[in-house]
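Participant: Since the structure of chain A is already known, use the hints to place chain C on it.
Same order as they appear, the protein sequences are chains A and C. Per full-length UniProt numbering, the first sequence starts with residue 1, numbered consecutively. Per full-length UniProt numbering, the second sequence starts with residue 1, numbered consecutively.
Note that these hints are calculated values from the structure, not bench results. Every value quoted in this text rests on a predicted model; they were computed, and no experiment measured them. Among the clues, some could well be false.
What the hints assert, rightly or not - Covered by chain A, according to a simulated footprint, are these stretches of chain C (three or more residues, beta-carbon under 8 Å):
id	region
1	33-39
2	42-48
3	80-94
4	97-106
5	112-119
Said to hold, decoys possible - Under 8 Å between C-beta atoms, here's a sample of chain C residues computed to sit facing chain A:
id	residue
6	20
7	27
8	28
What the hints assert, rightly or not - Ranges between beta-carbon positions, derived for each pair:
id	chain 1	residue 1	chain 2	residue 2	range
9	A	286	C	118	22 to 32 Å
10	C	61	A	30	31 to 41 Å
11	A	451	C	22	47 to 57 Å
12	C	6	A	73	40 to 50 Å
13	A	203	C	11	31 to 41 Å
14	C	118	A	460	37 to 47 Å
15	A	373	C	11	43 to 53 Å
16	C	21	A	293	50 to 60 Å
17	C	6	A	447	34 to 44 Å
18	C	94	A	455	31 to 41 Å
19	A	68	C	11	38 to 48 Å
20	C	119	A	468	33 to 43 Å
21	A	297	C	94	47 to 57 Å
Just so it is clear, CB atoms sit at the ideal spot from N, CA and C, and this is done for glycine as well.
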Amino acid sequence: MIPDLANLIVFFCLLPLCTALLSVTVVNNRWASRIVGLLGLTTTFTTAVVCLTQLAPTGHIAVTQLGGWSAPYGITLVMDSFSALLIAAASAVALGAYVHSFSTLDPRVERRYFHPLIHMLIFGVNLSFLTGDLFNLFVAFEIMLMSSYALLCLGASDQQLRHAYKYVLLNILASTIFLMTAGMTYGMLGTLNLADMARIVAENQAAGKDMPAGFTALGVMFLFVFGLKGAFFPLWFWLPDTYWTLPIAISGLFGGLLTKVGVYAIARTFPLIFAQAPPTGIEPSDMRVLIMTLIAASAAFTMFLAVLGAVSQHHVRRILSIHVISQVGYMVFGIAVMTGQALAGCAFYMVQHMVVKCSLFLCCGLMEKHAGTDDLDKLGSLLKRDLGLGVLFFVAAMSLVGLPPLSGFFGKMVIIQSGWDQGLWWLAILGLLTGALTLLSMLKIWSYGFWNPGPAPTAEPAETVRSGNRAAYIGTGMLVGLALFLGFCAPVVYEAAFTAGRQLYNPTDYVQAVLGEQQLENIKWRDTITAPVDPPQTDPSLALRSEP
Amino acid sequence: MTLVTAICVAVTAAVSIYLLLSRELKGIAMGTFLIGHAANLSILAMSGEPVYTNEQGETTLKLPPILGYGEDPANPLATMVDPLPQALILTAIVISFGVMGFLLALIVATGRVTGSLDLDEFDDDPKGLHPEDAEHIEQNDSEAASS
Chain A
1 MIPDLANLIV FFCLLPLCTA LLSVTVVNNR WASRIVGLLG LTTTFTTAVV
51 CLTQLAPTGH IAVTQLGGWS APYGITLVMD SFSALLIAAA SAVALGAYVH
101 SFSTLDPRVE RRYFHPLIHM LIFGVNLSFL TGDLFNLFVA FEIMLMSSYA
151 LLCLGASDQQ LRHAYKYVLL NILASTIFLM TAGMTYGMLG TLNLADMARI
201 VAENQAAGKD MPAGFTALGV MFLFVFGLKG AFFPLWFWLP DTYWTLPIAI
251 SGLFGGLLTK VGVYAIARTF PLIFAQAPPT GIEPSDMRVL IMTLIAASAA
301 FTMFLAVLGA VSQHHVRRIL SIHVISQVGY MVFGIAVMTG QALAGCAFYM
351 VQHMVVKCSL FLCCGLMEKH AGTDDLDKLG SLLKRDLGLG VLFFVAAMSL
401 VGLPPLSGFF GKMVIIQSGW DQGLWWLAIL GLLTGALTLL SMLKIWSYGF
451 WNPGPAPTAE PAETVRSGNR AAYIGTGMLV GLALFLGFCA PVVYEAAFTA
501 GRQLYNPTDY VQAVLGEQQL ENIKWRDTIT APVDPPQTDP SLALRSEP
Chain C
1 MTLVTAICVA VTAAVSIYLL LSRELKGIAM GTFLIGHAAN LSILAMSGEP
51 VYTNEQGETT LKLPPILGYG EDPANPLATM VDPLPQALIL TAIVISFGVM
101 GFLLALIVAT GRVTGSLDLD EFDDDPKGLH PEDAEHIEQN DSEAASS
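Excised from the complex, chain C in its bound form:
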C-alpha cells in the first residue's frame, strides 16, 4: 500500500512539474493544483501503513481514532490511524484552494491585460490596463466613491 502511494506521489509530482514548466498559463494552473495533491498524498503516506493484522492473522483497515474504538486498549496505535497527518492535510487542502483561487483570478486578469494566456506573448514594454478594462474600473471606482 505504501508503495502504491509512493508511486502515486511520484507520478502526480512528475506530471505537475511537467505542467508547471509549460508556457501556457492554464497548464501552469493545473500543475499547481496537482502538486498540492502530490504533497497531500505524501503526508498521508507518512501516517504509516493503513492496514493492520490482528491475532488471527486477518488483515483489515485501521479504525478511525475515536476513544473506545480501539480493539487493543494497551496499544491503540496498532489499530487506529494517526489523526494528525489527516488534520494537516485538511489545513493544507484549504490553503491550496486559496492559492488556486488566487492563481485563477490572476490568470483572468492577465488574459484581460495582455489579451493572451501564453507567457511568451507578454510584451516587454509596459502597456498598463486594457483601455476598456481601465474604463470599467474607473466607473466602478467612481460609483464606490460616490456611495
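Looking at chain A on its own, in the form it has when it is part of the complex:
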C-alpha cells in the first residue's frame, strides 16, 4: 500500500532526471548505462501501474503543491487516472524501444549520449502529463523537444540533418507561439493554473456571461500549437519526413510518444477550459461551438487524408509514419465528440496506440535486418524465413487495424459509437472507412513482405539475424505481449479509462482537488444543477447577451 500518493508524483519527474544524470557519468560504459536505464524505466513503469491501481477505482486525484505554495500561486503537479495511464504506457513503450536498441543501435550512436537523452525525453513527457499549469506545460514540452532534437541528429547522416531542420524549426516556431499565448492568457485571466482558468470560465458561464472576445483567439492558438505537436490535419507535414530517417528504435519511440503529448494537451485543456461544457439549461458559448467545429473538421481530415497517404506509400517505414497521423485523427475524433464515454475511448485508444505503433516500428526494424531494406518491392517470403517475426507483426498490425479480440477494436468501437450517438455520423462513417483503408495498407505490408515469394532476401542468413538481435526480439515481444494484454484484458484497462473520461468530461473533481473546496462556492457545474430551474431563468445567457 502507498501511504500518500501526492508525494509520489514528484518521483515520476525526479527518477528520469536522476537516471539521466547517472548515465552521463557512465556514458562510455555501455552495459552500465543500459542497466541504469533498464532499472529506471522498469521502476517508473511499475510505480505508474501501482498508482493507477490506487487512482482508477476510487476516482481520486492526487495533487502536489510544490514548495507548499497553494494552487493558483505555486507550481502544481496533478495525477489523475488519465495521467497515470499515459505515464504507464509511455514508460512501457520506452522500455520496449530501449531493449530493442541494445542490438540494433549503432554503438557509435549509442555512445553519443543516447541513454541520457532518452531519460530526459521521458522526463519531459512525464512532466507534461503531470503538470497543472500552462507555463510548466511549455517547459515540459521544451525539455521533451530539446532531447528529441538531439536524438533526431544522433549519427548525423545527410538525410537526417536535412529533415531535422523541418522538425526543429517548426517546433521552435510552435513553442514561441505557445509562449506568447501563455503570456496573453496570463494578461487576460491573471492566472496560468489550469484549474483556476477552468474556475473562471465556469463562473462566467454560470453567470450567463461570455468570455472576452480574445479568449476564443487564445483557444484557437492553443489548438494550433498542440495540433502542430500532435500532427493534426494542416500541420502534419513534418512528421512522415522526419520519422523515417531515424534509427529504428528512436523512430519507434518517437512514433509512440511524441504526438501523443500534443493530443494529451488538447484532451486536458480543452474540455477543462476552452470547450468547457456549459451547465444544463445554458446554451454553449460561441467559442465552444467554433472550437468544437474546428476540432471535428481537423479530426476528419487528419484521419482520412493521412490514411489515403499511407495507402499510396511503398516503404514500410513511411507507411507506419503516416499511419501515426491517421490514428492521431481517431484520438481527436474522441475529443471532438467530447462526452465522458468518447473521452474514455480516446484515453484507451491513446494507450493502445502508443504500445502497438511502437511495436510495429520495432517489427519494421527486424524486417530491415532480414532484407536490408524496407522497400516492399525488395521484400518477400519473410514468413518462411522467420515465423516468430511474422506472428509478432501480424498481431501488432491487426491490433492497429482493430480486429475484434485485439486492442485497437475497443478504442475505435467506443469512439465511433459515441460519435454516432452524438450526431457526428459523418465522422463515424469516415472513421469506419479509415479503418478499412488501414486494413488494406497493413495487408499490403503483410502480403508483400511476409506472404509473397518475392525476391530472395539478401542481407544475412535468418539464423544470424535471429541470434544477433535477441534483445530486439525481446523488446518487440514485450510490447506485442502488452498489446495482447490490452486486448484480452480490455475491461480492466477500460475501468481506468472510464474514470479518466469521466474526470475529463466533468472537471469538478479536478478543480476541487487542485484549488480546494472553498474556491468552489460560486461555481455551478452542469452536474450540480439537477433541480428544475425557474422559467424566467431558463435562458439567462440570451437575455444577458442581448443587453448592450
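Facilitator: The following block gives chain C in isolation, referenced to the frame of chain A:
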C-alpha cells in the same frame, strides 16, 4: 508605452519570420533568436502598464515587487510591477539559449556534412559523414572505448 512595446514586438516578429524563411542557415538561426525576443517582449507587455500616476498627478515608473516597497499598502498592485511575467521571461530566455546553442551546433554539423550552409544545396541521396569527419569521430570513439 504599451503601444511602443507592441510595435517592437510586431517589427521583431516580422523581421524574424523574414529571416526564418530564408534559405541560408545563418539567417534561420538569427530568425529563431529574434523570434524568442519577440515572444519575451510580448509577455512583458502582458504585465501591464509600467508607469503609474500618483495622487499628485506625477507619472513615475512602477516599483520592484518587494514587501514594504509599495507606497499604497491597500492596493500594492497599482505601484508595483507584476513579478510573474518577468519570472516567466527569465525561464523562457534560458530555454531559448538552449535551443539556440543546439541550433548553432546543428548548423556546424550540417556545414561539415554537406560542405555548405545553403539548404538548397543539400543532396537528395544520402552521403553520410564527410570522410575526414568520420575518421575523426572513429578515432575519438576508439580512444574513449580504450580508456
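Participant: All hints are to be evaluated individually against the structure, with a verdict given for each.
Facilitator: Quick rundown of the hints versus the structure:
| no. | hint | verdict |
| --- | --- | --- |
| 1 | 33-39 | holds (count 4) |
| 2 | 42-48 | holds (count 6) |
| 3 | 80-94 | holds (count 5) |
| 4 | 97-106 | holds (count 5) |
| 5 | 112-119 | holds (count 3) |
| 6 | 20 | holds, 7 Å |
| 7 | 27 | violated, 12 Å |
| 8 | 28 | holds, 7 Å |
| 9 | A:286 to C:118: 22 to 32 Å | violated, 47 Å |
| 10 | C:61 to A:30: 31 to 41 Å | violated, 58 Å |
| 11 | A:451 to C:22: 47 to 57 Å | holds, 49 Å |
| 12 | C:6 to A:73: 40 to 50 Å | violated, 28 Å |
| 13 | A:203 to C:11: 31 to 41 Å | holds, 38 Å |
| 14 | C:118 to A:460: 37 to 47 Å | holds, 39 Å |
| 15 | A:373 to C:11: 43 to 53 Å | holds, 50 Å |
| 16 | C:21 to A:293: 50 to 60 Å | violated, 31 Å |
| 17 | C:6 to A:447: 34 to 44 Å | violated, 60 Å |
| 18 | C:94 to A:455: 31 to 41 Å | violated, 54 Å |
| 19 | A:68 to C:11: 38 to 48 Å | holds, 43 Å |
| 20 | C:119 to A:468: 33 to 43 Å | holds, 38 Å |
| 21 | A:297 to C:94: 47 to 57 Å | violated, 38 Å |
When each numbered hint is compared with the structure, violations occur for hints 7, 9, 10, 12, 16, 17, 18 and 21.
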